[in-house]
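Asks: With these hints in hand, go ahead and build the complete structure from the sequences.
Quick note, the sequences are listed as chains A and B, same order.
Residue numbering for the first sequence follows numbering that gives the first Met the number 0, starting at 0 and increasing by one per position.
Residue numbering for the second sequence follows numbering that gives the first Met the number 0, starting at 0 and increasing by one per position.
Hints listed in this document are in silico derivations from the structure and should not be mistaken for laboratory results.
Every residue gets a Cβ at the ideal spot worked out from N, C-alpha and C, and that includes glycine.
Mixed in with the good hints there might be a few duds.
Cut-off 30 Å, straight-line C-alpha distance, at most; resulting in silico cross-link-like pairs (BS3-like, lysine-lysine) [claimed, not checked]:
1) 142/B <-> 114/B
2) 51/B <-> 196/A
3) 97/B <-> 188/A
4) 102/A <-> 154/B
5) 154/B <-> 142/B
Which residues of chain B face chain A? A partial, calculated answer using Cβ under 10 Å [said to hold, decoys possible]:
6) 23
7) 24
8) 44
9) 46
10) 58
11) 62
12) 94
13) 95
14) 98
15) 106
16) 135
Beyond 10 Å from chain A on every Cβ pair, some chain B residues (computed) [unchecked claim]:
17) 3
18) 64
19) 78
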Amino acid sequence: MDDSQQLTPQQLDLLRELGNIGAGNATSALSMMLQDRKLEMVVPEVAILSLPETTTLIGGPEAIVAGIYIAVSGDVDGHMAFLIPEGSAKELVGSMLGEESAKFDEMGCSVLEEVGNIVITSYLNAISEMTGLMIMPSVPGLAIDMAGAIWSSILAGAEILDDFITVIKTDFASEGKQIAGHIMLIPGKAGFGKFFKILLGTDRG
Amino acid sequence: MAEIFVNMGQIEVARADGVLVTVGLGSCVGVAIYDRERMVGGMAHVFLAASKDGKGITQPGKFADTAIPALVEAVMQAGGRRSAFQAKIAGGANLFPKLQAASLNVGRQNVMAVKEHLQLNNVPLRGEDVEGNSGRKMTLYVKDGIVVVQSIGDKPREI
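Replies: What follows is the structure in structure tokens.
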């Protein structure tokens, strides 16, 4: 039996709330990096899916995306991914470097990696502040490849053996949708318990 | 020509002019097993090397140790002869080389486990396109046992 299948409605709400707080901070950091370009954030979704079903979260396995991956350790464990479609990634690099046509050369890749790093650490900082938990991000890894290849490599690196995987996914997009993407948090086994203990133990009015 | 899509952790079979495709192989390994004369073949999209603590029994295609026997069985059920089986594999890349040392990366472990279990099941390996740092798409043309592998920005390779 898998723990993640037994989440109560209250626990699901808490995970969505984590997504809200984290992604809210992450998108405002990204917006600031883009000279206050307005970014819309969609309400976070808590998905509990089988391994093959998770490919629906990333818009199909064949689309080319830029993916930044960070492993989470400290008081809680987990994995974070920042996934942006190829077109958005080019737009992002272009607007960071002030160039019309962006390329995924050494410069472009290092910009993407750094943006992903800031987005993900902003997400984690907000959660850390809210819960008082110590959360340590790893160094970021960047890949530009088929979405399925990036996503499955992250899940495999996370050694997810359970039949069902819990993913907290938040989508965001700029006003004209030139820049869009997903921020994913995959809480680890130890992570779940600690989050719930702290958040449910708090008087939330 | 029927194209059947094989998702992560799944096993599919096809006959005659059937085509089996798996997209987005990163550290995962695509395994094709086929009987050329009978024109029947199957494909698995292996996620990790081994199941642990009895987990994954409900999805045998996820792990190399359970996927290979299940794939052999599935192709036999579809009319293949075990003695005629041949295999080709692709995948096992390391997309985040900065984060995972080459020696302990998941992709390489998957490739090693798949090869070990093909050998244990007496299926000869006829072709491979593995490791490296790029994702792959893998297509098996069941009729003639041809496997085509493609990475982003590269020409398709036949193995």
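Asks: Now, for every hint given, state plainly whether the structure supports it.
Replies: Hints, verified against the model:
Between residue 142/B and residue 114/B the CA atoms are separated by roughly 24 Å; this keeps the pair inside 30 Å, and the hint holds. For the given pair, residue 51/B sits about 28 Å from residue 196/A by alpha-carbon distance, which is consistent with the 30 Å threshold. Between the alpha carbons of residue 97/B and residue 188/A the distance comes to roughly 25 Å, so the proposed pair stays at or under 30 Å and holds. Our distance criterion of 30 Å between C-alpha atoms is met by residue 102/A and residue 154/B, whose separation comes to about 21 Å.
Taking the CA atoms of residue 154/B and residue 142/B, the gap is near 22 Å; set against the 30 Å cutoff, the hint holds. Satisfaction of the interface hint for residue 23/B is found here, the shortest Cβ-Cβ separation to chain A being roughly 2 Å, below the 10 Å cut-off. For residue 24/B, the interface hint holds, since its Cβ comes within 10 Å of a Cβ in chain A; the closest pair sits about 6 Å apart. With a least beta-carbon distance of about 8 Å to chain A, the hint placing residue 44/B at the interface is held under the 10 Å criterion.
Given hint, residue 46/B at the interface with chain A, holds; its Cβ is 6 Å from that chain's nearest Cβ, closer than 10 Å. With a cut of 10 Å, the hint placing residue 58/B at the interface with chain A holds, because the nearest CB-to-CB distance is about 6 Å. Interface hint status for residue 62/B: upheld, as the beta-carbon distance to the closest one in chain A is roughly 8 Å, under 10 Å. Using the Cβ-Cβ criterion of 10 Å, the hint placing residue 94/B at the interface with chain A is satisfied: the shortest such distance is roughly 4 Å.
Hint status for residue 95/B: holds, given a least beta-carbon distance of 3 Å to chain A, under 10 Å. A distance limit of 10 Å between C-beta atoms decides the matter here; for residue 98/B the minimum to chain A is near 4 Å, and the interface restraint holds. Because the beta carbon of residue 106/B sits about 8 Å from the nearest beta carbon in chain A, less than 10 Å, this interface hint is met. Checking residue 135/B against chain A by beta carbon gives a least distance of about 7 Å; that is within 10 Å, so the hint holds.
For residue 3/B, the requirement that its beta carbon stay farther than 10 Å from each beta carbon of chain A is met, with the minimum near 14 Å. No Cβ of chain A comes within 10 Å of the Cβ of residue 64/B; the nearest lies about 12 Å off, and the non-interface call holds. Listed as outside the interface, residue 78/B is consistent with that label: its C-beta sits roughly 26 Å from the nearest C-beta of chain A, beyond the 10 Å cut-off.
Comparing the model with each numbered hint stated earlier shows that all of them hold.
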